[in-house]
Amino acid sequence: MHEKSLKSYSQKDLSILLERGVHIPDLNLVHITKDVQLDNIASGSSIYPFVRITGSKTQIHSGARIGVRGPVILENSFIGENAVIGDLGQVTLIDTVVGAKSVLGTGVAEQAVFLGKESMVIDFTTGYGFRVRKGSLYEEDASSAQHTDTKMTILFPWATLGSDINFCDALLAGGTGLELGSFSEVGSGTIHFNYSIRGDKATASLFGDVLQGVFLDQKRLFIGGNNSLLGPVKADFGAMTAAGARIKGKLPKGLNYGHSLPKGTVDYDARIFSGVSGIVNNQVNVLAELTALANWYKQVRINCVAQTPEQKFLYESGLRMVELNYQERLDQLRRYVDFLENSVRLLERMQASKKEISEQKDLLSRWPKLGSEFKNLEKYETQIPDSLKEELENLQSQGKSDYTGLIKNLSQSGKQVGKTWLSEIAEVVRNVYTAGMNYSG
Numbered sequence: 001m002h003e004k005s006l007k008s009y010s011q012k013d014l015s016i017l018l019e020r021g022v023h024i025p026d027l028n029l030v031h032i033t034k035d036v037q038l039d040n041i042a043s044g045s046s047i048y049p050f051v052r053i054t055g056s057k058t059q060i061h062s063g064a065r066i067g068v069r070g071p072v073i074l075e076n077s078f079i080g081e082n083a084v085i086g087d088l089g090q091v092t093l094i095d096t097v098v099g100a101k102s103v104l105g106t107g108v109a110e111q112a113v114f115l116g117k118e119s120m121v122i123d124f125t126t127g128y129g130f131r132v133r134k135g136s137l138y139e140e141d142a143s144s145a146q147h148t149d150t151k152m153t154i155l156f157p158w159a160t161l162g163s164d165i166n167f168c169d170a171l172l173a174g175g176t177g178l179e180l181g182s183f184s185e186v187g188s189g190t191i192h193f194n195y196s197i198r199g200d201k202a203t204a205s206l207f208g209d210v211l212q213g214v215f216l217d218q219k220r221l222f223i224g225g226n227n228s229l230l231g232p233v234k235a236d237f238g239a240m241t242a243a244g245a246r247i248k249g250k251l252p253k254g255l256n257y258g259h260s261l262p263k264g265t266v267d268y269d270a271r272i273f274s275g276v277s278g279i280v281n282n283q284v285n286v287l288a289e290l291t292a293l294a295n296w297y298k299q300v301r302i303n304c305v306a307q308t309p310e311q312k313f314l315y316e317s318g319l320r321m322v323e324l325n326y327q328e329r330l331d332q333l334r335r336y337v338d339f340l341e342n343s344v345r346l347l348e349r350m351q352a353s354k355k356e357i358s359e360q361k362d363l364l365s366r367w368p369k370l371g372s373e374f375k376n377l378e379k380y381e382t383q384i385p386d387s388l389k390e391e392l393e394n395l396q397s398q399g400k401s402d403y404t405g406l407i408k409n410l411s412q413s414g415k416q417v418g419k420t421w422l423s424e425i426a427e428v429v430r431n432v433y434t435a436g437m438n439y440s441g
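Residue numbering for the sequence shown follows the working numbering, starting at 1 and increasing by one per position.
Because the hints were derived from the structure by calculation, they are not lab data.
Errors might be hidden in some of the hints.
[Claimed, not checked] DSSO-like, lysine-lysine: derived pairs with alpha carbons at most 27 Å apart:
hint, residue 1, residue 2
1, 234, 57
2, 234, 7
3, 298, 400
4, 253, 408
5, 248, 263
6, 389, 354
7, 415, 253
8, 12, 57
9, 57, 419
10, 219, 419
11, 234, 298
12, 369, 379
13, 234, 263
14, 298, 419
15, 375, 400
16, 219, 250
17, 408, 375
18, 57, 34
19, 379, 415
20, 355, 234
21, 375, 234
22, 219, 298
23, 419, 408
24, 400, 379
25, 250, 263
26, 134, 379
27, 389, 312
28, 379, 419
29, 415, 298
30, 250, 234
31, 389, 369
All chains should be modelled from the sequences, with the hints used to inform the complete structure.
Written out as structure tokens, the structure is:
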């Protein structure tokens, strides 16, 4: 008991917060450990009963309300101005950044970032039973309803997940605003299957893309309810799916009814890989898109848009999520390639397709160099075009402060300059893989 009391602030210590204007209805029912800097809990914030706050990195900003309708645990987490934590019940946040005006219902988030809300058209960020895991990035006004699970997931502004959804290892872009029918959404009951029968996860999917999606001017995507998404999926802007569809491969714009499964049983050896070139091409494209997004965060969000230390910190945290996603995709691609040596032996024993064997051997021989080339994300950093930077600065000087409003107000020529810049970055990454291919069949 005595040891525990040394690790926590006493009621007398915490009374300093009351004097500074922090609202704490009952000091007896709030637990704050001494690694928390009390100066990082701002006046105007509210901490309700049954809240535990730990960690030297924890910050709570003015207007934030913690534990509104249930117990909350905060560990090394950042809570922005006027954010609401525990709007529906119990919440645990670990190493998580929550932007201004976010509203988290009840659930758990760890190593995740929410960039916050610019509008209350949708009055929540996460609903009941959220599980937001490592590498999840919810950009402005992105949201999820009840019982959703994300990990290594990037949701662009306004993107919406319904209820009872598992949507890991995916990026969702598209849409032009929060009006009904304007934002990208995934229907309730949908699962993104991201783990193959062979045990690999070279399965990340792109719903829309970064190169056009960051400019917030593309047609939305609509994934119908109860869909089975078999990663990797590459969906075009404007793609829609019917409820109950089974989706794999490319998803073009328009209404897609999905693929049916054949009946019966076939011989199958999970150790033998096929279609390796297509899988690797797809995952390298994901690396290329994430590289472009990392540049967008550094050159546009952090260096141009951020106007306050808090906003800069928020965008730097978002960049960290992009980097985590990049590293995860590279690690999973490396694991995929590691399986190929055994696959080649089995294919040769079977006297299978010479083309497939050649492609797998070629990738195995090139991977040490490729892995090294992809390892350092910073080597692909490219400065923002001057004309785009100047236009962003001019818009800010005119009072355009919200991020989405700023981007939407870019001129068509400004957007085209930006799209060309990002496309060139992505193409450099793709060329690392395509250069030197030596397939023979």
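query: Checking against the hints above, which ones are violated?
result: Those not satisfied are hints 1, 2, 6, 9, 15, 17, 24, 31.
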